[in-house]
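Engineer: Given next are the chains, with one letter for each unit.
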Amino acid sequence: MSRLSIRQVGKTFPGNRGKAPTQALQPVSLDVADNDFITVLGPSGCGKSTLLRLVAGLETPSTGQILLDGEPIHGPGADRGVVFQSYTLFPWLTVQKNICFGLREKGMPAAQQKEISERFIAQVGLRGFEDHFPKQLSGGMQQRVAIARALANDPKILLLDEPFGALDNQTRVLMQELLLGIWESARKTVLFVTHDIDEAIFMANRVAVFSARPGRIKADVAVDLPHPRHYTIKTSPEFMGLKARLTEEIRAESIAAAAH
Amino acid sequence: MQAAPLHADEPAAAPVAVPADKPRMKLLVPVSPRRRVWLGVAFFAVFIAFWWAITASGWVPPHFLASPWKTLQSGYDLFATQNFIRDVGMTVWRVVGGFLIAAVIAVPLGIAMGAYKPVEAFFEPFVSFARYLPASAFIPLLILWVGIGEAQKLSVIFLGCFFQLTLMIAMIVAGTRRDLVEAAYTLGAKDRGVIRRVLLPGAAPEIAEALRQVLGLGWTYVIVAELIGASSGIGHMITDSQALMATENIIAGIVVIGLVGLCSDLLFKKANQRMFPWSLLR
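If you read the protein sequences in the order shown, they are chains A and B.
Residues 1 to 260 (this note's numbering) make up the first sequence, in order.
Residues 1001 to 1282 (this note's numbering) make up the second sequence, in order.
For reference, chain A alone in the conformation it holds in the complex (with noise of 0.2 Å):
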């Protein structure tokens, strides 16, 4: 069975003063397995992170229907975690308690919340920086505390939208293989919205490609490389295949994009 389950969900958003409203997305059909680390690959603006904030519940759409785990989902909650593209860290809170803001919110115990926060800190390789403000943190630093506050609350699903958009390119990839190694471990189900090809098949077993807006799916491709991966299968033969494939696919869209 999935665990999550997009049935026909698309988003029209109303049109302001008058004029018409805009069709983000098309009726968008996809299935999430347990376990599944599935990128959603589009060109910018192509409706991907509004399928993203459907599936978390921060907008509700206009047909269709998200499952998770057989239930319909209403409005945001704590089975499903996010990371933004932008540093949503509580800049008042250090960074345990920012780890431990949703394990307090769900009236756990102050020592078992402490026990959490410190697992995950050390799984993001953050130790030593329990008491730091975020403001006192690198933008690395900040996702990485973001994914581990997402993890603490230990959510059915993990959604993450371009978490590493913002970042340098170096510390780009070390993001990559540090949240493939949680996912490798852990075996979370994870959505992952991407524009960057080479993240799309680096992290998953599957990439949902996009066209561009109004956005639809329009190529569901698998990405069968042996696990654990290292950074040096970016250079293998099977991946670069993988590549040359989705980049014309991109290209197309992006294309269409850029004459609207």
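Incorrect hints may have been included.
Distance condition first, Cα-Cα at most 30 Å in a straight line; then the derived DSBU-like pairs of lysine-lysine [to be verified]:
{"no.": "1", "chain 1": "B", "residue 1": "K1117", "chain 2": "A", "residue 2": "K19"}
{"no.": "2", "chain 1": "A", "residue 1": "K19", "chain 2": "A", "residue 2": "K97"}
{"no.": "3", "chain 1": "A", "residue 1": "K114", "chain 2": "A", "residue 2": "K156"}
{"no.": "4", "chain 1": "A", "residue 1": "K106", "chain 2": "B", "residue 2": "K1269"}
{"no.": "5", "chain 1": "A", "residue 1": "K243", "chain 2": "A", "residue 2": "K218"}
{"no.": "6", "chain 1": "B", "residue 1": "K1270", "chain 2": "B", "residue 2": "K1026"}
{"no.": "7", "chain 1": "A", "residue 1": "K234", "chain 2": "A", "residue 2": "K218"}
{"no.": "8", "chain 1": "B", "residue 1": "K1026", "chain 2": "A", "residue 2": "K156"}
{"no.": "9", "chain 1": "B", "residue 1": "K1026", "chain 2": "B", "residue 2": "K1269"}
{"no.": "10", "chain 1": "A", "residue 1": "K106", "chain 2": "A", "residue 2": "K135"}
{"no.": "11", "chain 1": "A", "residue 1": "K218", "chain 2": "A", "residue 2": "K19"}
{"no.": "12", "chain 1": "A", "residue 1": "K135", "chain 2": "B", "residue 2": "K1270"}
{"no.": "13", "chain 1": "B", "residue 1": "K1026", "chain 2": "A", "residue 2": "K135"}
{"no.": "14", "chain 1": "A", "residue 1": "K114", "chain 2": "B", "residue 2": "K1190"}
{"no.": "15", "chain 1": "A", "residue 1": "K135", "chain 2": "B", "residue 2": "K1269"}
{"no.": "16", "chain 1": "A", "residue 1": "K97", "chain 2": "A", "residue 2": "K156"}
{"no.": "17", "chain 1": "B", "residue 1": "K1117", "chain 2": "A", "residue 2": "K106"}
{"no.": "18", "chain 1": "A", "residue 1": "K97", "chain 2": "B", "residue 2": "K1190"}
{"no.": "19", "chain 1": "A", "residue 1": "K97", "chain 2": "B", "residue 2": "K1026"}
{"no.": "20", "chain 1": "B", "residue 1": "K1117", "chain 2": "B", "residue 2": "K1190"}
{"no.": "21", "chain 1": "A", "residue 1": "K218", "chain 2": "A", "residue 2": "K156"}
{"no.": "22", "chain 1": "A", "residue 1": "K135", "chain 2": "B", "residue 2": "K1070"}
{"no.": "23", "chain 1": "A", "residue 1": "K156", "chain 2": "B", "residue 2": "K1190"}
Which stretches of chain B does chain A cover? Using the computed rule of at least three CB atoms under 8 Å from a CB of chain A, they are [what the hints assert, rightly or not]:
{"no.": "24", "segment": "1180-1189"}
{"no.": "25", "segment": "1194-1205"}
Which stretches of chain A does chain B cover? Using the computed rule of at least three CB atoms under 8 Å from a CB of chain B, they are [claimed, not checked]:
{"no.": "26", "segment": "68-79"}
{"no.": "27", "segment": "82-91"}
{"no.": "28", "segment": "129-137"}
Keep in mind the hints are simulated off the structure, nothing from the lab.
For each residue, glycine too, the CB sits at the ideal point set by N, CA and C.
Knowing the structure of chain A, use the given hints to seat chain B on it.
Structural biologist: Frame of chain A; chain B shown alone:
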């Protein structure tokens, strides 16, 4: 043959001191704390020197404008022989009292307006209208309604502070970063949790700053309130001195108001820095 590393044989060049150049970009460059204090004190000195020069030159008759020295003497005299400290105490009590009553209502109301758009739609037009009503113009009415006692003084300060403060707080809370609110919801927080754990702590430093500014506003209203129908307070002393043409007392009173205001401002700033250290990080 192996290529030698570049310049390996050359002696290491001594670092050449760069001649101190005049900074080309002067805008927005911070000054050191010491220099800041120094510059701040310097203007007070310039101001007092200018004041002294005008009075000493005889350009302005002394009963129009007392000299700095005379003002200082009369200030001492006010405290030493005329129990002026009681007036200052009364005035401080009134400002703080009226301000606190305003804050106790304005803070929750402003937060509710900022967080819930229907509440904002309900109150905002009226509060925006009331904000422009001059509190001093209500003094005759307030005397009719509540007499000339303390209630009238507190009411004037309340009217002057309340609407301003409510609007400022509503705007601050409404300006909370949307992505932080969304992040809190996705972490499992409900509306109450988001208010308590995101809107409030996020807005707290700016709310404290708004309180500081509005307390300053309270000082301008208290004196007006005390000019009419008061038997104590700095404003009352000023009206009494006007009847006696004692400009040195009036100026001393004004200076005391300025000093008390400066102290309360500093205290507020220090308290904010202590309470919200995270908001000072860059």
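Engineer: All hints are to be evaluated individually against the structure, with a verdict given for each.
Structural biologist: To see whether the hints hold, each was checked on the structure:
1. Taking the CA atoms of K1117(B) and K19(A), the gap is near 24 Å; set against the 30 Å cutoff, the hint holds.
2. Straight-line distance between C-alpha atoms of K19(A) and K97(A) comes to about 44 Å, which puts the hinted pair past the 30 Å bound.
3. Of the supplied pair hints, the one linking K114(A) and K156(A) holds, its CA atoms being roughly 21 Å apart against a limit of 30 Å.
4. For the hint linking K106(A) to K1269(B), the alpha-carbon distance of about 36 Å lies beyond 30 Å, and the restraint is violated.
5. Restraint check for K243(A) and K218(A): the C-alpha separation of about 16 Å stays at or below 30 Å, so the hint holds.
6. With a CA separation close to 28 Å, the supplied pair K1270(B) and K1026(B) stays within the 30 Å bound.
7. With a C-alpha separation of about 24 Å, the suggested pair K234(A) and K218(A) falls inside the 30 Å cut-off, and the hint holds.
8. A threshold of 30 Å between alpha carbons decides the hint, and for K1026(B) with K156(A) the separation of about 54 Å lies outside it, so the pair is violated.
9. Our distance criterion of 30 Å between C-alpha atoms is met by K1026(B) and K1269(B), whose separation comes to about 27 Å.
10. Restraint check for K106(A) and K135(A): the C-alpha separation of about 26 Å stays at or below 30 Å, so the hint holds.
11. Note on K218(A) and K19(A): the hinted pairing holds, with a Cα-Cα distance of about 28 Å set against a maximum of 30 Å.
12. A hinted pair counts as satisfied when its Cα atoms are at most 30 Å apart, and K135(A) with K1270(B) qualifies at roughly 21 Å.
13. Annotation: proposed proximity of K1026(B) to K135(A) holds, straight-line Cα distance about 26 Å (limit 30 Å).
14. At most 30 Å may separate the alpha-carbon atoms for a hinted pair to count; K114(A) and K1190(B) meet this at roughly 22 Å.
15. Pair hint K135(A) plus K1269(B) holds up; C-alpha atoms about 21 Å apart against a cutoff of 30 Å.
16. Distance restraint check for K97(A) and K156(A): the Cα-Cα separation of roughly 22 Å lies within the 30 Å cut-off, and the hinted pair is therefore satisfied.
17. Straight-line distance between C-alpha atoms of K1117(B) and K106(A) comes to about 27 Å, which keeps the hinted pair within the 30 Å bound.
18. Our distance criterion of 30 Å between C-alpha atoms is met by K97(A) and K1190(B), whose separation comes to about 18 Å.
19. Taken as a hint, the K97(A) and K1026(B) pair is broken in the structure, with Cα atoms around 40 Å apart against an allowance of 30 Å.
20. Between K1117(B) and K1190(B) the alpha-carbon distance is near 17 Å, which keeps this suggested pair within the 30 Å criterion.
21. In summary, the hint linking K218(A) to K156(A) is supported, as the alpha carbons are separated by about 27 Å, within the 30 Å threshold.
22. A distance of roughly 52 Å separates the Cα atoms of K135(A) and K1070(B); the hinted pair therefore is violated under the 30 Å criterion.
23. A C-alpha spacing of about 19 Å is found between K156(A) and K1190(B), which places the hinted pair at or below 30 Å, so the restraint holds.
24. With a cut-off of 8 Å between beta carbons, the segment 1180-1189 of chain B has 9 residues touching chain A; three or more are needed, and the interface restraint holds.
25. Judged by the Cβ-Cβ criterion of 8 Å, the segment 1194-1205 of chain B is covered by chain A as claimed, because 5 of its residues qualify and three suffice.
26. With 4 residues having a beta carbon nearer than 8 Å to a beta carbon of chain B, the segment 68-79 of chain A meets the requirement of three or more and the stated coverage holds.
27. Closer than 8 Å: that is the beta-carbon criterion, and the segment 82-91 of chain A has 6 residues meeting it against chain B, so the requirement of 3 holds.
28. Proximity of the segment 129-137 of chain A to chain B, defined as three or more residues with a beta carbon under 8 Å from a beta carbon of that chain, is established by the 3 residues found.
When held up to the earlier numbered hints, the structure conflicts with 2, 4, 8, 19, 22 and fits the remainder.
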